[in-house]
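Chains A and B, in that order, are what the protein sequence lines are. Each residue of the first sequence is one higher than the one before, starting from 1 at the first, in full-length UniProt numbering. Each residue of the second sequence is one higher than the one before, starting from 1 at the first, in full-length UniProt numbering.
Simulated from the structure, these hints should not be mistaken for lab results. Beta carbons are placed, not taken as given, at the ideal position from N, Cα and C, and that holds for glycine. Some clues are possibly wrong.
Distance windows between CB atoms, simulated [what the hints assert, rightly or not]:
#, chain 1, residue 1, chain 2, residue 2, range
1, B, T117, A, Q154, 39 to 45 Å
2, B, D47, A, E108, 20 to 26 Å
3, B, T18, A, N49, 27 to 33 Å
4, B, D11, A, I150, 23 to 29 Å
5, B, D101, A, D174, 36 to 42 Å
6, B, T167, A, E10, 47 to 53 Å
Partner residues are not named here, just some residues of chain B that face chain A (Cβ under 10 Å, in silico) [stated by the list, open to error]:
#, residue
7, A9
8, E10
9, N204
10, L206
There are 2 protein chains.
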Amino acid sequence: MAVYTHLGAEDMAALIATYDVGTLVSAKGIAEGVSNSNWLIETTGCDGNGARYILTMYEFRIELDDLPYFLSLLDHLAAKGCPVPRTIHDRDGALYRMIGDKAVALIEFLPGVSVSTPTAGQARAAGRELARLHRAAADFPATRANAMGIAEWQRLAQACGPDGLATIAPWLADLVASELPRFAAAWPKGLPETVIHADLFPDNVLVLGDTVTGLIDFYFACNDMAAYDVAVTHLAWCWDPADGNFRADLSRALLEGYEGVRPLSDEERAALPLLAQGAAMRFVMSRAYDWLNTPADALVIRKDPLPLARRLEYYRDHPEIFA
Amino acid sequence: MAVYTHLGAEDMAALIATYDVGTLVSAKGIAEGVSNSNWLIETTGCDGNGARYILTMYEFRIELDDLPYFLSLLDHLAAKGCPVPRTIHDRDGALYRMIGDKAVALIEFLPGVSVSTPTAGQARAAGRELARLHRAAADFPATRANAMGIAEWQRLAQACGPDGLATIAPWLADLVASELPRFAAAWPKGLPETVIHADLFPDNVLVLGDTVTGLIDFYFACNDMAAYDVAVTHLAWCWDPADGNFRADLSRALLEGYEGVRPLSDEERAALPLLAQGAAMRFVMSRAYDWLNTPADALVIRKDPLPLARRLEYYRDHPEIFA
């Protein structure tokens, strides 16, 4: 949640000059992004009327080989009318450029805000845009495996160790020990696949009122089951942020919004309880790992894995919410 | 250099509704400010054509009693044509509002970037705007003492202690011991006073090419000698960021720019060598104190006091640069 690299105004102006976007007018480092630095850039625009962009510098974690997948996916989805930011290509047509050993990309700025407490109208709109994304991405030619699949949850669990997990909460260690082994054998196969966002928490959705103006942060996007993405989004949207309780109204709105565009098959619907538990396990494990491995002086705010562990239990004990 | 307080989109929208600026379109936390949190805000604007603002939440250090001074000063200077952001008053005319126990203010957004390596043209423009500010502020009715005056340098030196300073560098402890006692008796008296910015480093000046588009961050502004502000600005602008060497060309440009608007009297010019040493001591002491007292996990990047201590030595040994 910080700008990790200092990029002086002179460097920034030189970089912007490699794009056909006019000249630099303003650049503010923004406090977003965990594994990248971001600036909100204003230029005179190609037409002199002003334009805004997000400049992202990829700092950690990202595989440079994956960058063309993420960035050309944005172009593919934007061309099909999805509310995602287009990638601005440089004057040579490149999707990204290198500054030293770090890649940078310029993407469109989209209006809208990320809500902390979604309304049913916003959950419905998010469901609708997720389904439109799944449809629009179906013919995207590139593929990328889900690097955050079951094998990765197992690796993270091993890296944390039961003792490590117990330092977060003893019941978390027990939950992981009892639940994690269930997924590998039972995980659904043969459900429809497409490109999924895989991380569509409310922070990654921009809205104005009940209108979704932007889906952002596609750096976990991959080819996987559409229904798994529904499960991730359900995990992310359908809970009261204040008391942690399940919100049936948001769940109904999200699923109705989704199915208005892309109805779920019986097989997909039947798989949702397990997929949602898996989605919860995926974020429990990545957050628990980060919790145990984030240095005290890091610029990143650690996210608590425990609320998501509670959601896993709820999904396990209440499969009827998807009926 | 971070956003210390989470302000959800819903809270932000409610806050913006208390101003006559249209409705909230976008809000991005920006990575600026050491003792406050800042957001770059976009709204539909009063006229529906869109408008941008900086929202500042005062987190630390600031005395609430001082806020009307800083914020009404912006209005005073903007009304006289200085390139400073206007304070946006709320619908009740208030300069700032409270969110819980923290004050927030909405100020105009100004275009421009802060350069890392100023050119002579930019130093000249900065000098000119500093002089215009000193002239425009002369009839500002409120007053505020300089809280970062000699008594405060002495207090900070005592708080650091010679042993503390020596952990930064042994020669720094020696320099403070030998130089600090000189100021109290020799400090100039009777030079013309006005409102001074007192912190006009290049980060606090927005430029487009050689045009100054914004003077920002007035939270050290106070009533003091105009020539002292010239000295602070000289300390901040006239050195090579790469090798630390004095840059005679920038010095000449800054002073020429200033004197084109407000010529220095003989007394002011004669005082500059000592005022510049004092300006250096002021920032050496505040940076040394912050260096020793910033927790390792702070979101703030500590600034090195040593380059400024070298500048103090240079000013002491080369009074002729102001002749």
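How the hints compare with the structure:
{"no.": "1", "hint": "B:T117 to A:Q154: 39 to 45 Å", "result": "violated, 50 Å"}
{"no.": "2", "hint": "B:D47 to A:E108: 20 to 26 Å", "result": "holds, 25 Å"}
{"no.": "3", "hint": "B:T18 to A:N49: 27 to 33 Å", "result": "holds, 30 Å"}
{"no.": "4", "hint": "B:D11 to A:I150: 23 to 29 Å", "result": "violated, 38 Å"}
{"no.": "5", "hint": "B:D101 to A:D174: 36 to 42 Å", "result": "holds, 41 Å"}
{"no.": "6", "hint": "B:T167 to A:E10: 47 to 53 Å", "result": "violated, 34 Å"}
{"no.": "7", "hint": "A9", "result": "holds, 4 Å"}
{"no.": "8", "hint": "E10", "result": "holds, 6 Å"}
{"no.": "9", "hint": "N204", "result": "violated, 13 Å"}
{"no.": "10", "hint": "L206", "result": "holds, 8 Å"}
Checked against the numbered hints given earlier, this structure breaks hints 1, 4, 6 and 9; the rest are met.
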